[in-house]
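Trainee: The listed protein sequences derive, respectively, from chains Y and C. Going by my numbering, the first sequence opens with residue 4, and the numbers climb by one from there. Going by my numbering, the second sequence opens with residue 390, and the numbers climb by one from there.
Source of the hints: derived by calculation from the structure; they are not laboratory data. Backbone N, C-alpha and C define an ideal beta-carbon position, used for all residues, glycine too. Any given hint might turn out to be false.
Computed far set for chain C versus chain Y, every beta-carbon distance over 10 Å [to be verified]:
hint: 1; residue: L406
hint: 2; residue: A465
hint: 3; residue: T476
hint: 4; residue: E563
hint: 5; residue: T574
hint: 6; residue: Y614
hint: 7; residue: T617
hint: 8; residue: A620
hint: 9; residue: G622
hint: 10; residue: R635
hint: 11; residue: F658
hint: 12; residue: H666
hint: 13; residue: L709
hint: 14; residue: P711
Label pairs and their computed distance ranges (CB to CB) [claimed, not checked]:
hint: 15; chain 1: C; residue 1: A651; chain 2: Y; residue 2: L469; range: 46 to 54 Å
hint: 16; chain 1: C; residue 1: L530; chain 2: Y; residue 2: S63; range: 52 to 60 Å
hint: 17; chain 1: C; residue 1: V713; chain 2: Y; residue 2: F499; range: 40 to 48 Å
hint: 18; chain 1: C; residue 1: A395; chain 2: Y; residue 2: S531; range: 22 to 30 Å
hint: 19; chain 1: C; residue 1: R712; chain 2: Y; residue 2: P143; range: 20 to 28 Å
hint: 20; chain 1: C; residue 1: R712; chain 2: Y; residue 2: G81; range: 35 to 43 Å
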Amino acid sequence: MGGEDPVLRVRDLRVAFGGVDAVRGVHLELRRGEVLGLVGESGSGKSTIALAVLGLLPDSATVSGSVRLDGVELRGAGDAALSRLRGNRIAMVFQDPLSAFTPVHRIGDQIAETIRAHRDISRRAARERAVELLDLVGIPEPRARAAAFPHEFSGGMRQRAMIAMAVANEPDVLLADEPTTALDVTIQAQVLDVLRTAQRATGAAMLLVSHDLGVIAGTADRVAVMYAGRIVETAPVHELFAAPRMPYTLGLIGAVPRLDGGTGTGMLVPIPGAPPAPGALPSGCSFAPRCPLADDVCRAAEPPLRKLADDHLVACRKAEELQGAAPADVFPVPEVPRTPAGPDDRPEVLRVTGLVKTFPLLKGVAFKRRVGSVYAVDGIDLRVRCGETLALVGESGSGKTTALFEVLGLSAPEGGSIEVLGQDVAGLTRQQAAALRGRTQIVFQDPMASLDPRMTVAGIIAEPLLARGVARAEAARRVPELLRQVGLEPGHADRFPHEFSGGQRQRIGIARALSVRPDLVVLDEPVSALDVSVQAGVLNLLRRLKAELGLAYLFVSHDLSVVRNIADRVSVVYLGRTVEAGAVREVFERPLHPYTQALLSAVPLPDPGVERRRARVLLAGDPPSPTQRHTGCRFRARCPLHAELAEADRERCVREVPQPVPHADDHVAACHFARPRAVLTAEA
Amino acid sequence: MGAYLAKRLGYYAVLLLAAVCLSYLLASLALDPRAYFAGRQPPISPAAVDHHLTVIGVNDHRPLLDRFWHWAGRAAHGDLGRTIDDTSVNAEFGRRLGVSLRLLLIGTLLGTALGVLAGAWTAVRQYRLSDRLVTLASFALLSTPVFLLAVLLKTGAIWFNNTTGTDLIQFTGEQSPGLTGGFGTVLKDRAVHLLLPTISIALFAIAGYSRYQRSTMLDVLGSDYLRTARAKGLRRRSALLRHGLRTALIPMSTYFSYGFLALFTGATFTETIFGWHGMGEWFISSINKNDVNSVVAVNVFAAVVVLLSGFLADLLHAALDPRVRHA
Ligand SMILES: Nc1ncnc2c1ncn2[C@@H]1O[C@H](COP(=O)(O)OP(=O)(O)OP(=O)(O)O)[C@@H](O)[C@H]1O
Ligand code: SF4
Ligand code: SF4
Ligand SMILES: [Mg+2]
């Protein structure tokens, strides 16, 4: 492959927005038929590169450098010439499929338009071709669905349609910018599958932009790692994951929590600090402020991207020294005691049984009438003991957040029961409820939206204390201590939230929750808005706090790798109902319910060797609407096991709602035909 | 889709009914028809006034609800009652309807179309000179009172007539009194009279709508789907026309129905200033005369116009946006 000329060659690409450099001298080569993964944290310039290749950057961008397609320079070519290439020889799959389609035109027409923009064929023939393409990407009933409008498609279907549109003219180069980031993990698995199929079917070279190392590990042939607008390392995928030679790459790999638990203590290796703001780059190596190996020479000049071995380029002066290094050799790993699983007789801080919550489905302009119900939560069971972390896992819309708010509401649920610290919330007096409220605190997903921008950090942290009637002086005395506890400078107490980075803001949110010394902290997707290198630090912090303060966490997440890292026990929900629960290790290594198996097998592992040889349980279709009432097992329509059962057994799934049944010590599953299946390891 | 529109229509009918009833009750409470006859030379005896008011159905000695039922019963049969001078409200209504509609319809349609175009055009040319000029002119216009604009237009017309030595532009009334001639002559005469008031109404519509359209268009210009359209290989112009303009019009349909009300209010002044005997002028004069039935009639007109434009906006919205049609 090495000798062949690349289809796409980017040389010294520089992009600045209003004088601020976003991309600083990027070199890329994309060879025929290969998938090049481009990884990097938010703001590192990945999307900017893709748009620069297409020539679609806004007018405010100043661009220099060279972009050659099959040896022909595209930079400086007129818009007419570029338009002939766009969608034809270079096509793009955008991140957010809802906003990427024009809402007022039919999906089929939008695909047909792409064809007609470059081929002289009739409207009718183009429509026919659009239907074929929709079929290729696995849209059921493609002829009927071609007439649908974008809002009538689910997220996964829209992204399939987007892929169909991108490959419509059999392009030479496919640019896929975070094609699965907005999707649930089982849908992500489907879409990645389609993307690979489409790429192979057309023989296109693909630039796959992603921040998810697992996605890259499973799909890319070569990987380029970006940091602060530059490529800092490129290598074939196996080499990059097995023998990274740039501290940042090492850090990234060490910072990702792994679904299979990884090795060692389970502590993540966080990269200290945060990526630099584009306008405020450090002198010399842009990674130097976060690099434990940095010395004065590093800080003096930016190291060029140089050849280390055939096909392995790296921009680090000390790459030679890093041969065979592991993340923990470079970055300090915090010492945190992993709390032992502990005796089973520890008191329970939360017990939720058979929780039910329905919302009315309203219709009408002036006078709303109820036309049905949304069964948001329909049988969730949770049990959290003192000093323990329970993860509540499920895809979007499965009722996780609704369940949380029911728990925090401390009032009698519509169905089932909630016991907080041994007290049934149904019979609470006002005083009892107020007292309990102080002992359960919440940390929200979006650290910026949940902090009042006009309050100082000290004010934010002291607020829950003041609300509970603690004296102002006493509250003020607690603030520095809390800041220290979450790893922030006590001296920063009088700053405002916008002066902090995302990870630091989430720490402020945690400090606020801890201020009243709660017993139970509810965390709603606390790290999903953070970059991996920052997320690792917050996860480690949560573990340390739990060990030091004996906290119990109810941790809501859609990210199973994070769950594996932080939780002791896990409860998996599907469509508002708990389908499997138990100790994390047990559930992840011997999943019993077919949904858990599919969920786990859909999460990509950041390990190309294992990832490419794993057993896959691909789910068909999208989750059904929560407004439907189900008879029998609600997972039936998508259940891969159900499809394999004998006729008589299938009957049972149709008739009888599966109840949670204990299968092992602390492991229950609600499936009539539960049987373990390992999905994390490579198949022999 | 049909069901959706039928539902909207029913909803508007209820609103119309409510608006008409309320306006009758309000007008009856606020206006004092007796005052119209007070201080006349020669004086009119209270008994005669009383009798006159009873005949036209606005005698405040009768209970309000009685009067209302009496009026509503006739209105249900299409009879809007008698004016305070004991002439037919329906006849007056008919006379003035055509005058106002001619002015409002041409002015708003023209103004809306030009305003949308100006807005879309300036959005595409954001921050260029042309955009800045149009923006400046719009804000200047929006902050100009109607009567000032009318006076300026009149002055301009006088200057134009003087310099060209003709009386091409007419600015009083809707036609030349005592004009005789064929259909063509009459049509030309009417058009010449329409010019200035139409311009004054249209200018306000252009100024207002161009601002809204500019901002909705700017949203669309930064949208992901326009970028997708460009990434497919469409040139900027066709991407804008096929994917941008239609989506940018969707939020406008809501403004259209609200904007019409503002224009109607503005037209009241425009009619008075240019000496058009339309609904707006009638409204002002009937309030001065404490003429309850006429005031209510104008309100009926305003309500119908506003709700009709609301319904048209719904139609437009449904035509532009499939998400509404399928909801
Ligand atoms: N239109 C624009 N105007 C000004 N700055 C921009 C613009 N587009 C991108 N930037 C800046 O350029 C830098 C790189 O952005 P880019 O979107 O390429 O990053 P990315 O790696 O794709 O991030 P993400 O993972 O969040 O998508 C960022 O600092 C961003 O703020
Ligand atoms: S060049 Fe120096 S500072 Fe930069 S990554 Fe390498 S060792 Fe660290
Ligand atoms: S009960 Fe039947 S349908 Fe439900 S998960 Fe088990 S096998 Fe599948
Ligand atoms: Mg991006």
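Trainee: Taking the hints in turn, state whether each one holds.
Mentor: Hint-by-hint comparison with the structure:
Distance to chain Y confirms C/L406 as a non-interface residue, since its nearest Cβ pair spans about 14 Å, more than 10 Å. Consistency note on C/A465: stated as away from chain Y, and its beta-carbon is indeed over 10 Å from all of that chain's, at 24 Å minimum. Every beta carbon of chain Y lies more than 10 Å from that of C/T476, the smallest distance being close to 39 Å; the non-interface claim holds. The beta carbon of C/E563 sits about 40 Å from the closest Cβ of chain Y, which is more than 10 Å, so the claim that it is off the interface holds.
Every CB of chain Y is more than 10 Å from the CB of C/T574 (nearest about 47 Å), matching its label as outside the interface. Against chain Y, the non-interface label of C/Y614 is violated: not every CB pair exceeds 10 Å, the least being about 4 Å. For C/T617, the requirement that its beta carbon stay farther than 10 Å from each beta carbon of chain Y is not met, with the minimum near 5 Å. The non-interface label for C/A620 is inconsistent with chain Y: the shortest C-beta to C-beta separation is roughly 5 Å, within 10 Å.
Its beta-carbon lying about 4 Å from the closest one in chain Y, C/G622 breaks the requirement of being farther than 10 Å from that chain. C/R635, annotated as away from the interface, has a beta carbon of chain Y within 10 Å; the closest lies near 5 Å. With a cut of 10 Å on Cβ distances, C/F658 stays outside the contact zone with chain Y, its closest approach being about 33 Å. Look at C/H666: its CB is around 38 Å from the nearest CB on chain Y, clear of 10 Å, so calling it non-interface holds up.
A Cβ of chain Y approaches the Cβ of C/L709 within 10 Å, the least distance being about 7 Å, so the stated non-interface status is violated. At roughly 4 Å from the closest C-beta of chain Y, the C-beta of C/P711 falls inside 10 Å, breaking its exclusion from the interface. For C/A651 and Y/L469, the Cβ-Cβ distance of about 48 Å falls inside the hinted range of 46 to 54 Å, so the restraint holds. As the Cβ distance of C/L530 to Y/S63 is approximately 31 Å, the hint placing it in 52 to 60 Å is violated.
C/V713 and Y/F499 have their C-beta atoms about 42 Å apart, which keeps the hinted 40 to 48 Å range intact. Roughly 45 Å separates the CB atoms of C/A395 and Y/S531, a value that falls outside the hinted 22 to 30 Å. Distance hint check for C/R712 and Y/P143: the Cβ-Cβ separation is about 22 Å, which falls inside the suggested range of 20 to 28 Å. At roughly 37 Å, the beta-carbon separation of C/R712 and Y/G81 lies within the given 35 to 43 Å, and the hint holds.
This entry does not satisfy hints 6, 7, 8, 9, 10, 13, 14, 16, 18, going by the numbered hints stated previously.
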